[in-house]
Amino acid sequence: MDLRFCLLPALLALLLSPPAEAGKTLDAVKARKELFCGVSTGLAGFSASDSRGNWQGLDVDICKAIAAAVVGDPSRVRWTPVNAQQRFASLQSGEIDLLSRNTTWTLTRDASLGLHFTGVVFYDGQGFMVAKKSKITAARQLANAEVCVQSGTTTEKNLSDYSRAQNLKLKPVVFESFEASLKAFFSGRCRAYTTDATSLATILQREVKNPGDYAILPELISKEPLGPVVRRGDDEWFAIVKWVVNALIEAEELGITQANVDAQKASGDPAVLRLLGVAEDLGKSLQLDRDWAYRAIKAVGNYGEIYERNLGSASPVKLARGANRLWSKGGLIYAPPLR
Amino acid sequence: MVERRRYWRAFAYQALAIAAIVAALAYLAHNTAQNLQSRGIPSGFDFLLQAAGFDIGDSLVSFSAGEPYWQALLAGLANTLRVAGPAIVLTTLLGTALGLGRLSSNALLAGLCGAYVEVFRNIPLLLQLLAWYFVLTDLLPPFDEAWRLGGAATLSKSGLSLFGASLTPEFLAVLFGLVCYSAAYMAEIVRAGFGAVPRSQTEAAAALGMAGRDIQLQVVLPQALRLIMPAAANQFLSLTKNSSLAIAVGYPDLVSVANTALNQTGRALECVSLIMGVYLALSLATAIAMRVIERRLAWP
Ligand SMILES: N[C@@H](CCC(=O)N[C@@H](CS)C(=O)NCC(=O)O)C(=O)O
Chain A
779 MDLRFCLLPA LLALLLSPPA EAGKTLDAVK ARKELFCGVS TGLAGFSASD SRGNWQGLDV
839 DICKAIAAAV VGDPSRVRWT PVNAQQRFAS LQSGEIDLLS RNTTWTLTRD ASLGLHFTGV
899 VFYDGQGFMV AKKSKITAAR QLANAEVCVQ SGTTTEKNLS DYSRAQNLKL KPVVFESFEA
959 SLKAFFSGRC RAYTTDATSL ATILQREVKN PGDYAILPEL ISKEPLGPVV RRGDDEWFAI
1019 VKWVVNALIE AEELGITQAN VDAQKASGDP AVLRLLGVAE DLGKSLQLDR DWAYRAIKAV
1079 GNYGEIYERN LGSASPVKLA RGANRLWSKG GLIYAPPLR
Chain B
598 MVERRRYWRA FAYQALAIAA IVAALAYLAH NTAQNLQSRG IPSGFDFLLQ AAGFDIGDSL
658 VSFSAGEPYW QALLAGLANT LRVAGPAIVL TTLLGTALGL GRLSSNALLA GLCGAYVEVF
718 RNIPLLLQLL AWYFVLTDLL PPFDEAWRLG GAATLSKSGL SLFGASLTPE FLAVLFGLVC
778 YSAAYMAEIV RAGFGAVPRS QTEAAAALGM AGRDIQLQVV LPQALRLIMP AAANQFLSLT
838 KNSSLAIAVG YPDLVSVANT ALNQTGRALE CVSLIMGVYL ALSLATAIAM RVIERRLAWP
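So the protein sequences, as listed, match chains A and B. In my numbering, each residue carries its 1-based index in the first sequence increased by 778. In my numbering, each residue carries its 1-based index in the second sequence increased by 597.
In isolation and in its complexed conformation, chain A is listed as follows (with noise of 0.2 angstroms):
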C-alpha cells in the first residue's frame, strides 16, 4: 500500500537486475507461452475484473490480442494489477512484459524512464467532474475548490498547470490509491474530482449508486494520449507490441471483424489477404508466425469492435468515438501500412 512497501523491492530488481536485451521479453514470453501484463487495479472500461474475475476492457483486449498473436491463446495472460505510482518501476523491474494500463505518453515519461510507449490505442483528455447540487457548471467556478486526485498520474500535474493559467487557487487533495480517493470524493470531501475524462464517465456509469447526482465539466484541460509501454532495449518485442495493434486498426480499415475474419481469407483484396497471412508472410519479420493478425483479430476483433465493446454502444456507458474514430472518418486513429 504504501511506498516502503510495493516501491523498494522494485527498485532493488531495478539495480540488481541487467538491462532489457534485444528479443530477451518475446522469448522469456514464448517461453512460458503466457503474457505478463499490467493493467489497472480497477478501471471500468479500460481494465477492470468483474466478479468472477475476469478481466475485461479496452486496455484488457489489447493484452489479449497480443497473447493470441505470440503464444496462440488470448487466455494466457497474467493479469497484475497496479496503481498508478507503482506501474513503471513493476515494468522496469521485469515483473510485467508489458504496461496496458491508461498510461498517458508523456516526454519525461518517455525518455527517463527506461521505458518507451510503443503508440496510442485511445485519445483521452483530463476533465472534472460535481456534484449536481454544487450548482457548478463551468471549470471557471472551482476556484479555491479542493480537488480529489490519484497520486502518480499526469492528473496531478495538470491540474496545477491549469489551476496556475486560470489563477484558480486549486487544493489538491492527493491520494495513493483509485479507491480512496474517489471515497473520499463520494463523500463530499472535494468539490471536484479530477481524471482522463473518459474515466470519468465510466467511474459514473458502474460505481456510483446514482450518478445522475454527479456531472462531468465541458472542460478538458489536457491531452491524454494512452498507451501501452515496453522496456527500452528490446527493439523485438517493442515492434510486436506497436504492429499487433496497428494490424487491430488496420483490421477495422479494411473491414475484418471477428466474425469474418475466416471469411476474409477468401477475400480477393490484396491488402487483406496480406495481413492475414495468406499471400505474405509479414509475421517473418516480426519473428512471429503467419497467422500472428489473424489470430489476434479472432480474439478480440478489430480496434472499432473493441472501441464498441468497451466503451461504445455495446457497452453500458455508450459513449461515442469522437477523436477515436479512424482517420479515414474524422478521427485520429490511423495505422502506418502493413506492407
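Just so you know, the hints here were simulated from the structure itself, not pulled from any lab data. Even for Gly, the Cβ is constructed at its ideal location relative to N, Cα and C. Do not take every clue at face value.
Stated by the list, open to error - So the derived label-pair ranges between C-beta atoms look like this:
no.	chain 1	residue 1	chain 2	residue 2	range
1	B	Asn719	A	Arg854	41 to 49 angstroms
2	A	Pro1115	B	Tyr624	44 to 52 angstroms
3	B	Thr629	A	Ala1044	54 to 62 angstroms
4	B	Met873	A	Ser1091	47 to 55 angstroms
5	B	Ala882	A	Ser853	50 to 58 angstroms
6	A	Thr886	B	Thr629	14 to 22 angstroms
7	B	Gly874	A	Pro996	44 to 52 angstroms
8	A	Arg830	B	Val716	30 to 38 angstroms
9	A	Lys808	B	Ala728	44 to 52 angstroms
10	B	Thr629	A	Gln1065	30 to 38 angstroms
Stated by the list, open to error - Chain A is faced by these chain B residues, among others (derived, beta-carbon under 7 angstroms):
no.	residue
11	Gly637
12	Ile638
13	Gly650
14	Phe651
15	Ala662
16	Asp735
17	Gly847
18	Asn860
Fit chain B with the ligand to the supplied structure of chain A, relying on the hints for placement.
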C-alpha cells in the same frame, strides 16, 4: 607498551572495516549509476533545483507550484513534523492516562483501559487511519453548512477552522489515528514502567513516614521514568515513521510529496534515498534528544 600496541591494532582494524564499507558502498553506487545509464535513465539530484510544478493542498510553510522541488520536499517534511509533534504530545498524555488506568484498583477502569489497549493495538494502523478519515468525511456537514462551535470555530468536511487557521480532515485523521494507535503501546510501556518498581520501595518510603503523594512523586515516579524513557523514545520514533502512511488518507507528508516528485521526474532512487535519509536523521535526532533527557533524569 603492550597497551599502546593494542590501541594501534584496534585502530587498524577499525580503519580496515571502515575502508571495506566505503569500498562496498562505492561499488554499489558505481554499479547503480552504470545500470541506470545503460537503461537511459538520467540520475542525480539536479532536479531539486527545478520548479516543482505541482501544488500542495495543505501546507504549513507557504509553497506554490513555481518553487523548486527542494522547497516542495521541505514543505512535505514540515507537514510530517506538524502532525508527528502534536501526536507525540497527545500520545504521551493519553498513553500515560491509560497505563495508569490499567494499574488502578478500580476494576472497571482497569478493564476498560485494558480493552482499549487490546483493540487499538491489534487493528492495523492503516485501517484505523482510513476509518478515522471516512468517519470524519462522512459525518461532517458540507462546507456551506458547517457546524459553528461557538465564536470563531467551524467544523465541516473541509476541516476544523479556528480563527482563520484550519486543520483539514486529512490532518485530523492522521493525528487521531497515530495518537489512538500509539497510545495503546504507550499505555503498556507506562504500565510496565510503574509495575517494575518494587513494592518494597513504597513500603520503605512509607516506613520512613513519607506521605502517599510524595512517595509516588519522589520515589516511584523517578524510578519508573528511567524504565519508561527508552521504550517511549522508541515509540515516538515509530510514531514518526508510521506517519508515512499519511498518503493513504490524502495528507501531504514528506512521503506523499516525494512520491509526486518521484513520479514527475522519474528519479526514483534519488527520492527514495532522500526519504530514507530524512527519516534516519529524524530518528537520530530523537534518539539524541532522548539521551540528553535521560541523562538529566539519571542520578548517581
Ligand atoms: N492517464 C493518466 C491517469 C491514469 C490513472 O492512473 N488514472 C487513475 C484514475 S482514473 C487510475 O486509473 N487509477 C486506477 C488504479 O490506480 O488502479 C496517467 O497516465 O497518469
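Right, here's what the structure says about each hint:
no. : hint                                      : verdict
1   : B:Asn719 to A:Arg854: 41 to 49 angstroms  : 42 angstroms, holds
2   : A:Pro1115 to B:Tyr624: 44 to 52 angstroms : 50 angstroms, holds
3   : B:Thr629 to A:Ala1044: 54 to 62 angstroms : 57 angstroms, holds
4   : B:Met873 to A:Ser1091: 47 to 55 angstroms : 51 angstroms, holds
5   : B:Ala882 to A:Ser853: 50 to 58 angstroms  : 55 angstroms, holds
6   : A:Thr886 to B:Thr629: 14 to 22 angstroms  : 21 angstroms, holds
7   : B:Gly874 to A:Pro996: 44 to 52 angstroms  : 46 angstroms, holds
8   : A:Arg830 to B:Val716: 30 to 38 angstroms  : 36 angstroms, holds
9   : A:Lys808 to B:Ala728: 44 to 52 angstroms  : 48 angstroms, holds
10  : B:Thr629 to A:Gln1065: 30 to 38 angstroms : 32 angstroms, holds
11  : Gly637                                    : 6 angstroms, holds
12  : Ile638                                    : 5 angstroms, holds
13  : Gly650                                    : 6 angstroms, holds
14  : Phe651                                    : 5 angstroms, holds
15  : Ala662                                    : 5 angstroms, holds
16  : Asp735                                    : 5 angstroms, holds
17  : Gly847                                    : 5 angstroms, holds
18  : Asn860                                    : 5 angstroms, holds
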